[in-house]
Amino acid sequence: MGFFLETLIGGLMSGILYSLVALGFVLIYKASGVFNFAQGAMVLFAALSMARLSEWIPRWLGFESLLLANLLAFAGAMIVMVVVAWLIEKLVLRRLVNQEGVTLLMATLGITYFLEGFGQLAFGSDIYKIDVGMPKDPIFLFDQVFQGGILVNQEDLVATVIAAGLVAGLAMFFQYTTTGRALRAVADDHQAAQSIGIPLDRIWVIVWAVAGFVALVAGVIWGSKLGVQFSLSLIALKALPVVILGGLTSVPGAIIGGLLIGVGEKLSEVFIGPMLGGGIEIWFAYVLALLFLLIRPQGLFGEKIIDRV
Amino acid sequence: MDAGQGEDAPLAIPALIKSCLFARTILLLKLMMETKLKESLRTFTMAVALAGAALATGLSTGVAAAADAREQFFPVLTYRTGAYAPNGVPFANGYVDYLKYVNTKGGINGVKVTYEECETGYATDKGVECYERLKGKNATVFQPLSTGITFALTEKVANDKIPLITAGYGRSESADGMVFKWNFPLTGTYWDAADVLIQHLGKKEGGLDKLAGKKIALVYHDSPFGKEPIPLLQERSKLNGFELVLLPVAPPGVEQKSTWLQVRQSRPDYVLLWGWGIMNSTAIKEAVATGYPREKMFGVWWAGAEPDVKDVGEAAKGYNALALQHGAEPDSKIVKDILKDVHGKGQGTGPAEEVGQVLYMRGLSAAMLAVEGVKRAQERYGKGKAMSGEQVRWGYENLALDQKKLDSLGFAGVMRPISTSCADHRGAGWARVHTWSGKKWEFSSGWYESNESIIKPMVRAAADKYAAEKKIERRLPQDCQT
Amino acid sequence: MSVSRRKHGEVILDVRNISLSFGGVKALTDISFDIREREIRAIIGPNGAGKSSMLNCINGVYTPQQGSITFRGQTFAHMDSRRVAEMGVARTFQNLALFRGMNVIENLMGGRNLKMRSNLLQQAFNIGFARREEVEHRRFVEGIIDFLEIQPYRKMAVGKLPYGLQKRVDLGRALSMEPQVLLLDEPMAGMNVEEKQDMCRFILDVNEQFGTTIVLIEHDMGVVMDISDRVVVLDYGKKIGDGQPYEVRENPDVIRAYLGTAN
Amino acid sequence: MFYRENGQFKTSYVADQQIFPVWQDRVAIVFLLGVAFIAVPLLAPEYLFRAILIPFLILSLAALGLNILVGYCGQISLGTGGLMAVGAYGAYNLLVRIDGFPLILALVMGGVFAAVIGVLFGIPSLRIRGLYLAVATLAAQFFCDWAFLRITWLTNNSSSGSVNVAGLNVAGWSVDTPAERYLFCLVFVSFFALISKNLVRGHIGREWMAIRDMDVAAAVIGIRPVYAKLSAFGVSSFIIGVAGSLWGFVYLGSWEPAAFNIDRSFQLLFMVIIGGLGSVMGSFFGAAFIVVLPIVLDQVTVALGFDTALASHLTLMIFGSLIVFFLIVEPHGLARLWTLGKEKMRLWPFPH
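Here the protein sequences come in this chain order: P, X, H and D. Under the numbering used here, the first residue of the first sequence is numbered 1, with each subsequent residue one higher. Under the numbering used here, the first residue of the second sequence is numbered 1001, with each subsequent residue one higher. Under the numbering used here, the first residue of the third sequence is numbered 2001, with each subsequent residue one higher. Under the numbering used here, the first residue of the fourth sequence is numbered 3001, with each subsequent residue one higher.
Fair warning: there could be bad hints in the mix.
[Said to hold, decoys possible] Heads up, simulated DSBU-like pairs for lysine-lysine below, C-alpha to C-alpha not over 35 Å straight-line:
id, chain 1, residue 1, chain 2, residue 2
1, H, Lys2160, H, Lys2115
2, H, Lys2196, D, Lys3010
3, P, Lys30, H, Lys2026
4, P, Lys90, H, Lys2160
5, X, Lys1156, P, Lys129
6, P, Lys304, H, Lys2160
7, X, Lys1439, X, Lys1161
8, P, Lys136, X, Lys1456
9, X, Lys1345, X, Lys1112
10, X, Lys1210, X, Lys1456
11, H, Lys2115, D, Lys3344
12, X, Lys1439, X, Lys1345
13, X, Lys1345, P, Lys129
14, X, Lys1317, P, Lys136
15, D, Lys3342, H, Lys2160
16, D, Lys3010, H, Lys2155
17, X, Lys1238, X, Lys1333
[Stated by the list, open to error] Just so you have them, the derived chain D footprint on chain H, three or more residues with Cβ under 8 Å:
id, stretch
18, 2021-2027
19, 2103-2111
20, 2118-2129
21, 2135-2145
22, 2210-2222
No lab work stands behind these hints, which were simulated from the structure alone. Values in this document were obtained by computation on a predicted structure and should not be read as measured data. Just so you know, even glycine gets a beta-carbon here, dropped at the ideal spot from N, CA and C.
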């Protein structure tokens, strides 16, 4: 029982981490109809710049404080991501307006290659460290109830809090800021939005910048968890089932989906895995998503499609 | 079908023209091209113009002859980019540094060492392309440092008559030289590694018999590399009566929570870590996060280098790993020499502070073995001559690196004797265990040698199965003379 | 139904108490009407009256919650598109649903698919039967191309054709199915006068030459009154009138519904 | 010689329905066949065969298969790698388990296995569409990856999950020189290219395209989505499976499951889209682009004197930018550029 809860909690927490990446996908898809495969690369890129800047800035300015270094590095990385967003809009999106989804998907894969190449070129391809002072050691709850107690990973705990904050922040942003409303308008109907004078190109830059911000947060969390290294870009694959399960267009979907996938894959790996020889979570996540899709083809929270002829 | 040929054309036709030219005057044209490259500006237009030429160099390699009989060419397959770069880079640096070092010492009995790097990015088909590109330049020996590429090249080297050294990785059964004529898993295979680890655990427990009833978990990279030790461990668990728990981790291994939850649940006495790249550091971090004692974790020799622990730092203190003979050897003579003769002269390949680290040493010793094979071959086929792939193969098959020779090469205390034979292409089963102090790797055990009596029959069986699948015959004893 | 310009046959298609709704929204409420052989039956009504939904029910795109459709004596609660097609009901679409990636011939050949028998292997190797079949259906399709006077555009991608012509191709695709009943969803929407005249001519010709029964959704009252034999009027998913053009024209509900919108 | 269609009047539908209605095309294709079948084997050096032509041919075959599904039937799939694996391991099992099983038959059977699995994995497409389907197909990919590592029976109980195949031998003819292997693949590729061309011209092809372009209208003219979609999955998977078995047997000869991992799936989808959706020829353009370009870029950057790491980073960047660039210039792929070129030739010297 204790172990079950432990796994459950573990699953929920990994789930949140997936959601962080999934959010980026959703934001961009909502606003620009692009299934942004580069999200993973953006996470890597953001994390790389964060990690390296936090090394370099103190050296340049000659100070010691880790906190200050991190703050400046974070700001710097954010600027980098905004520039990336701006360039992507200028050089790619704008030139591919209303192409089919697949074409756009491929374009983002092109961007992925570019970012991976450029990221390693600019920041190096070694393994780097992001130290934002995350607590690493586990804590044990209810050890009087269950023998051994329930292990909770503090790092994940912090991550969860941050993720929650981020989501709340985004919700606010969408609800209460004019830009946020504009974004929603665009998401609902490009033409209409344009016709009431919302500048699409600027909106897109903003969306990609926001997505870049999300990527940065995800990058920092994953980075301090795993160390910043090329493989970071592969966590995109972890986020895909989350995105489709939750529905490509739904922010809450990304969160719920993340939790479902996280719990699903952990429980399956721990309890079913041993029977099948283990290593099943990677495909189980996708099968899980697939099953949900068979019931709701547009994902849990995606808009329903009706054929009109 | 239209399409099929429709496509070949733009590809093939220039190729044809070029290759025709090449068939006659390769050298001349190569010279022309080299000069052309030198003066070429780095503008894209130029690059495009060059594309054809570059491809052509590629093409030409197929037929190109060695430029100079007094040169020994070493192709270097590296991965300085991508997911495994942190491990690939130091290895490559060590490998290249040693080749440079040999030249500072006047080459191999006067034969100048030349080399060319080719980036595989750890991808099999890229590796094959590199192989095909470089083999035509009279390649001495290939060392791909990748299981996937090893598989693919094993198929090719026999036809091309180029030896393939897989020092400390690749197919365990390729130790059987009677089947794998061209493969040389020098200094040890994964079966040696697994066996030595078990011996070490036995020693800690105070005797292999004490392992009975113990629980040992294998956390492994879910790929042929990670699965390789399983048969031996199963053999051993039968023999020594410990329980073996198998926990696969899907590559690249960035998500291991469930694995370590299982570890926490089943509470094994020891965890063997069979990882590569980011999987290792992630595993150690998860161990920290689930409070599994690092002291009880033992990595394979690909899970025991600086990149695996450096960003975990203090938290990884006490983590152990196998050392494929050498560990981190900053104080060894060879390292000092390289720092003096190579880095000292500004010829160094990587950062000087990494010289002597574990994977650097891995590359260094791999290069040393490659060179020693050539030396050995020269002893038979003529000192001061460039050796062909076939001749070098004999060299690797008859390596006789006794301690004296190793010491003279500056590997005193770094490596133990290696002597290969027709039947044994592995040469030695020596290994030590080293432990991460939080700052650096320090040896925490004496020398072990893997248990022949267990491994030999397994190698034999596996090799026979391979021979059967490939429909090839075992070599005959007289074949060993050539 | 006593007096009529032409002698009509039996009831071929009989719609009984059809109700359809999406979620809460009622698209059709208890609609009933019948269609006789060889007649031209118009369905009219303001936008959102549920005309297209009606057709979609008939050829199985939508499944009505209640009611039944009887075709040549067989009654169905829900029509399966394939069955409907096999029974000889063809259809054109309000806002073009052509296969944009294919050229005119291919689109029309698409209409022949039901009648083509060669199996995968025969096609793969393009041997005797498959080849002959292809040719013979091509011949039929060319006939329709001539009939619709679109010979010059044979090999053009339909996406590139002007709107009016696309409408023709849409009709052509339906005709190439050799339908007994032809459902036309606003075949003249957005056409200029000449185009409309052509289209009317085609419709009448089809009806007279092949004796095809025609169900026609149209906004242009003039056209409707001229060419249709009987008219059903829908408004907000309810039937508010049914009968011959002049009857419907007098119907007060219809006038109310159309007040201002009729031309 | 001008490229003109006018003046070539077709007097029969048969004449009009042949693959190349324009005689210049027929000449060109015969010439190309000649080059590919005779000139190349005689003249091309080993490197070209082993490092470029053979992988190019096999991958274009796979791309061709995928194009039937994505390009003609409009169902995006990212499970291609997995299906290739099914083909390869299928063929492998037949050969190791049944003594003296003919090679060609084994390769083709590999395709059959893949077709069966492909149809299974295609079933969700009846309900799920577009990107959702694309991601869902990844389930297939990862499941295959896992299955071939875990289910040791499939790999003839090899301890590591890697398999080895004997030298190729077709009725006494042992296919080992690079040129022979190249021809071996070329025959397969040409054959399947012809088959696919016929299929997409036939009514099954029209069914696929109808489903792709407007599935509702397709249903109304009596096309069964079930049959159309699943047949597309079947045919496509069959070809992909054969390509997979060729990849394993002819190109690798000994492989680990990772040889058919998700990267392969993406690579192939790339080829199809860059080359041109819904175009047989496009598959080949795409394959050439994806196979040859990185190699050339790599050699150029190295030749320009960058060190290998820098070179491959630049390669990645240039490659990525070129992909974006091509998508921007011609979202419909290289094949479209090709046809546009031919249009121009037809009208030449008159611009319009």
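Here's how the hints hold up against the structure:
1. For the proposed pair Lys2160(H) and Lys2115(H), the alpha carbon gap of about 28 Å is at most 35 Å, so the pair holds.
2. This hinted pair checks out: Lys2196(H) and Lys3010(D) have alpha carbons roughly 34 Å apart, not beyond 35 Å.
3. Only pairs whose Cα atoms come within 35 Å are accepted, and Lys30(P) paired with Lys2026(H) is accepted, the gap being roughly 30 Å.
4. Under the criterion of a C-alpha separation no larger than 35 Å, the hint pairing Lys90(P) with Lys2160(H) is consistent with the structure, at around 30 Å.
5. For the proposed pair Lys1156(X) and Lys129(P), the alpha carbon gap of about 41 Å is over 35 Å, so the pair is violated.
6. For the given pair, Lys304(P) sits about 31 Å from Lys2160(H) by alpha-carbon distance, which is consistent with the 35 Å threshold.
7. In summary, the hint linking Lys1439(X) to Lys1161(X) is not supported, as the alpha carbons are separated by about 44 Å, beyond the 35 Å threshold.
8. Restraint check for Lys136(P) and Lys1456(X): not satisfied, since their Cα atoms lie roughly 44 Å apart, outside the 35 Å limit.
9. Under the criterion of a C-alpha separation no larger than 35 Å, the hint pairing Lys1345(X) with Lys1112(X) is consistent with the structure, at around 18 Å.
10. With a C-alpha separation of about 24 Å, the suggested pairing of Lys1210(X) with Lys1456(X) holds against the 35 Å cut-off.
11. A hinted pair counts as satisfied when its Cα atoms are at most 35 Å apart, and Lys2115(H) with Lys3344(D) does not qualify at roughly 38 Å.
12. Between Lys1439(X) and Lys1345(X), the direct Cα distance comes to roughly 29 Å. Compliance with the 35 Å bound is thereby established for this hinted pair.
13. With a C-alpha separation of about 32 Å, the suggested pairing of Lys1345(X) with Lys129(P) holds against the 35 Å cut-off.
14. For a cut-off of 35 Å, the pair hint linking Lys1317(X) to Lys136(P) stands: about 14 Å separates their Cα positions.
15. About 18 Å separates the Cα atoms of Lys3342(D) and Lys2160(H), which keeps this hinted pair within 35 Å; it holds.
16. The suggested pairing of Lys3010(D) with Lys2155(H) holds, with an alpha-carbon distance near 13 Å, which does not exceed 35 Å.
17. Under the criterion of a C-alpha separation no larger than 35 Å, the hint pairing Lys1238(X) with Lys1333(X) is inconsistent with the structure, at around 43 Å.
18. Counting residues of the stretch 2021-2027 of chain H whose beta carbon lies closer than 8 Å to any beta carbon of chain D gives 0, which falls short of the minimum of three for the stated coverage.
19. Restraint check on the stretch 2103-2111 of chain H versus chain D: 4 residues with Cβ-Cβ distances below 8 Å, three needed, restraint holds.
20. With 6 residues carrying a beta carbon less than 8 Å from a beta carbon of chain D, the stretch 2118-2129 of chain H meets the three-residue requirement, and the given coverage holds.
21. Check result for the stretch 2135-2145 of chain H against chain D: holds, 4 residues qualifying (beta carbon to beta carbon below 8 Å, three or more required).
22. A count of 0 residues in the stretch 2210-2222 of chain H with a Cβ less than 8 Å from any Cβ of chain D is obtained; the coverage claim is therefore unmet, three being the minimum.
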